[in-house]
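Asker: Given these sequences and hints, build the entire structure.
So the sequences go chain by chain: A and B.
The first sequence lines up with residues 14 to 439 when you count with the working numbering.
The second sequence lines up with residues 14 to 439 when you count with the working numbering.
You may find that some hints are simply not true.
A pair counts as met if it fits within one copy or between any two copies, since identical chains are not told apart.
[What the hints assert, rightly or not] In the DSBU-like style, the derived pairs of lysine-lysine whose C-alpha atoms are separated by at most 30 Å in a straight line are:
1) K435 to K294
2) K220 to K187
3) K295 to K248
4) K435 to K395
5) K135 to K395
6) K187 to K435
7) K346 to K248
8) K346 to K135
9) K395 to K346
10) K295 to K435
11) K294 to K220
12) K346 to K294
Read the hints as simulated data drawn from the structure, not as lab findings.
Number of protein chains: 2
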Amino acid sequence: MRVLASDIAEHIGAEISLSGWVHRIRDMGKITFVVLRDRSGMAQLVYQTDSMPQLGLEYVIGVSGRVVANERSPGGAELEASVTDVLSVADQELPFPINRDPSECSLEMILDNRILSLRNPKLRSIFELQSSILGCVSNYMHAQEFCEMKTSKLIGSGTEGGTGLFTVDYFDRKVFLAQSPQFYKQAMISTGLERVFEISHAYRAEKHDTPRHLNEYVSFDVEMAFIESELDLIKFEQGVLADLFERLSAGESEILALWGASVPDPESVGRIPVLSCDEVKKIVSAASGHPVYDITPEAERLICDWAEGQYGISACFINDWPRRSRPFYTHPKSNRTTMSFDLIFRGLEITTGGRRINDYRMLKEALPRFGLTEAGLGEYPKIFKYGCPPHGGFAIGIERLTQKILGLTNVKEASPFPRDRKRVSP
Amino acid sequence: MRVLASDIAEHIGAEISLSGWVHRIRDMGKITFVVLRDRSGMAQLVYQTDSMPQLGLEYVIGVSGRVVANERSPGGAELEASVTDVLSVADQELPFPINRDPSECSLEMILDNRILSLRNPKLRSIFELQSSILGCVSNYMHAQEFCEMKTSKLIGSGTEGGTGLFTVDYFDRKVFLAQSPQFYKQAMISTGLERVFEISHAYRAEKHDTPRHLNEYVSFDVEMAFIESELDLIKFEQGVLADLFERLSAGESEILALWGASVPDPESVGRIPVLSCDEVKKIVSAASGHPVYDITPEAERLICDWAEGQYGISACFINDWPRRSRPFYTHPKSNRTTMSFDLIFRGLEITTGGRRINDYRMLKEALPRFGLTEAGLGEYPKIFKYGCPPHGGFAIGIERLTQKILGLTNVKEASPFPRDRKRVSP
Numbered sequence: 014m015r016v017l018a019s020d021i022a023e024h025i026g027a028e029i030s031l032s033g034w035v036h037r038i039r040d041m042g043k044i045t046f047v048v049l050r051d052r053s054g055m056a057q058l059v060y061q062t063d064s065m066p067q068l069g070l071e072y073v074i075g076v077s078g079r080v081v082a083n084e085r086s087p088g089g090a091e092l093e094a095s096v097t098d099v100l101s102v103a104d105q106e107l108p109f110p111i112n113r114d115p116s117e118c119s120l121e122m123i124l125d126n127r128i129l130s131l132r133n134p135k136l137r138s139i140f141e142l143q144s145s146i147l148g149c150v151s152n153y154m155h156a157q158e159f160c161e162m163k164t165s166k167l168i169g170s171g172t173e174g175g176t177g178l179f180t181v182d183y184f185d186r187k188v189f190l191a192q193s194p195q196f197y198k199q200a201m202i203s204t205g206l207e208r209v210f211e212i213s214h215a216y217r218a219e220k221h222d223t224p225r226h227l228n229e230y231v232s233f234d235v236e237m238a239f240i241e242s243e244l245d246l247i248k249f250e251q252g253v254l255a256d257l258f259e260r261l262s263a264g265e266s267e268i269l270a271l272w273g274a275s276v277p278d279p280e281s282v283g284r285i286p287v288l289s290c291d292e293v294k295k296i297v298s299a300a301s302g303h304p305v306y307d308i309t310p311e312a313e314r315l316i317c318d319w320a321e322g323q324y325g326i327s328a329c330f331i332n333d334w335p336r337r338s339r340p341f342y343t344h345p346k347s348n349r350t351t352m353s354f355d356l357i358f359r360g361l362e363i364t365t366g367g368r369r370i371n372d373y374r375m376l377k378e379a380l381p382r383f384g385l386t387e388a389g390l391g392e393y394p395k396i397f398k399y400g401c402p403p404h405g406g407f408a409i410g411i412e413r414l415t416q417k418i419l420g421l422t423n424v425k426e427a428s429p430f431p432r433d434r435k436r437v438s439p
Numbered sequence: 014m015r016v017l018a019s020d021i022a023e024h025i026g027a028e029i030s031l032s033g034w035v036h037r038i039r040d041m042g043k044i045t046f047v048v049l050r051d052r053s054g055m056a057q058l059v060y061q062t063d064s065m066p067q068l069g070l071e072y073v074i075g076v077s078g079r080v081v082a083n084e085r086s087p088g089g090a091e092l093e094a095s096v097t098d099v100l101s102v103a104d105q106e107l108p109f110p111i112n113r114d115p116s117e118c119s120l121e122m123i124l125d126n127r128i129l130s131l132r133n134p135k136l137r138s139i140f141e142l143q144s145s146i147l148g149c150v151s152n153y154m155h156a157q158e159f160c161e162m163k164t165s166k167l168i169g170s171g172t173e174g175g176t177g178l179f180t181v182d183y184f185d186r187k188v189f190l191a192q193s194p195q196f197y198k199q200a201m202i203s204t205g206l207e208r209v210f211e212i213s214h215a216y217r218a219e220k221h222d223t224p225r226h227l228n229e230y231v232s233f234d235v236e237m238a239f240i241e242s243e244l245d246l247i248k249f250e251q252g253v254l255a256d257l258f259e260r261l262s263a264g265e266s267e268i269l270a271l272w273g274a275s276v277p278d279p280e281s282v283g284r285i286p287v288l289s290c291d292e293v294k295k296i297v298s299a300a301s302g303h304p305v306y307d308i309t310p311e312a313e314r315l316i317c318d319w320a321e322g323q324y325g326i327s328a329c330f331i332n333d334w335p336r337r338s339r340p341f342y343t344h345p346k347s348n349r350t351t352m353s354f355d356l357i358f359r360g361l362e363i364t365t366g367g368r369r370i371n372d373y374r375m376l377k378e379a380l381p382r383f384g385l386t387e388a389g390l391g392e393y394p395k396i397f398k399y400g401c402p403p404h405g406g407f408a409i410g411i412e413r414l415t416q417k418i419l420g421l422t423n424v425k426e427a428s429p430f431p432r433d434r435k436r437v438s439p
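Answerer: Following this line, the structure appears as structure tokens:
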């Protein structure tokens, strides 16, 4: 029966089997230590050097033997290897130093060798944490009676205009890859589902290559009916994040420690300040000593530093964005401002959301302001023409959230196979 | 405080508020009955006709009043409406009969009017059930220590050849929409994650338009290391399905009843026969009275009928597929056959899977048989060159599973916004 590497100390004195990858080999003369890596962690194997099978780094083996206590071994035990079965040999010209500290490697090198660099336990752990994020938020949403949906990513026309869309050859016509499920999540709440969420890929054909952007990312989208303003959405998102942080703190402490990271105290999420765009500009102007006219990346960092000092959490909800800076479907708050918000977390925008226009006449009146026509929106206006409740929603970028939880420098590190202008492989 | 329609009988005698859509209006002379629909179900409102506000079908309203018992009302109670707030008016030229039995409508009519037809509670319930399926399988996989991953759908080259791929204009080059995460799930298990799953969209540029096919579908993909043969995968899939059927049976009995459907007894999943291709052909030949040379859709139906009679469940695992009918990466069992399987459920293939070749030399030797070269496979061979454990996996089509659980005629009914050769909207 196979035992996982992290569990061998529970089997001292017993004959067991381990399976995994050869992570490190140290020839000590009469004996040789082999560190075996599996999904749970590492275990040390002890071989008599003269009777040892031919092994190399990254060989996949099954190995049987007796577990003995050894306080100098990782986990306090090691396996005296008796029978070794080589399941797969590995070319020894490894193009990536799998068993070394990845901070020695550039991001280019890590991504160019992605199939091997993901074998590094620290780099791999990013996606173990991301898996927990996906599982936690999905669980939370189902428990809150949200309906999980999977909507089409192939759209006949762009709701938010044609810029930034990738084109797909679809039989004898052109379609686009969806930038967000905005249209569909509004359609679904209007069907009477009232509360929907989706975790799927979204696409942005933006040419800039920054540490904040991916051309393909995973978007956690939420939409809910019968709200009054963006403040209902902010409150809901606080619930999502508090639950997530609580679960990660309890369940993923090892990965957090590996990265020297921690999640905010769940209780502190309720203290995240909600400030209008104008208030943020004032605070950031004062903090930076020069007037700030826009919520720039620098302003996002400064307001989080300020919130950390004032409220003990490096995050800020910014609401009351100007109409001109938000999409046409955003519900106005005044003639100039909207019921919209962003969440800035540890200096980076991880959420955009807001109440949407649900009144058909209000929507029609808003369109000319944005240079749009009802006909140009395809089926979208039908959502509102036949009765649609007050509603709104938001989206969280899963890679950005992962990045900011672990303190990664570049969002690409948080995508297993990131896509940018130049990178489409592996 | 808002009460959901399905809960009003718990509030008899109390003043409450409901919110939802006007589903039906019946003017009885002095009084008028209005059926209100919300995400939980329906509730009856009673108005004095002469003091009733102007309402129409699909208006969205908030309504307050006193709950009174009435055994002729749905749920045994109704609301004597006092204050009504119209939240959204609806055009009364409804292009789809939302409050009628959808079996009166053609599939074309349902899909052409998707934004409205999803308001029909029976049609909407398909996606409430699908949401439960998504939540249940995700929960199960996380509990089984599988890592949930989200891999790129934009691929530089097609692992399984260039046919059946949609082309995307990606900046100054062409890429393809992934047909499956096959490449990535094998890469991820080889990193040491060992057990991965993904629930994401997959794309097939196939021209045929049948009740079994979608050009964009949701694929639940599983891959696991350290297996011996496809029998390990079959056993694992039985665990997934038994858990799913148990949860749906307990949690979604209302939707199942609405469709006159039921899930198989979870205990019966362990009895699903595992038959080789050759055995299935023999059984189907005998059952149909004519020789059967291929596992055609008719054969899939007949073998399920046979299994229903023999084992009490309309399902069959078919293994030992010929090498020529499976992809190049399928692990051989003999010179002629492979360690592969399909699951046929209620007459339809809902799963394809198998053990994969994990040995680099075996892979290289297999390629010429399929007219492939190592160079033509891009980064794929790197997964095996540097040590890869024995592994395999399978995929379940979420729409097909939904279809077969509810007994829907066409798989398009189980996609909220299906894509076929002609349909890219809404």
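Asker: Provide an ascending list of the numbers of those earlier hints which the structure does not satisfy.
Answerer: Those not satisfied are hints 1, 8, 10.
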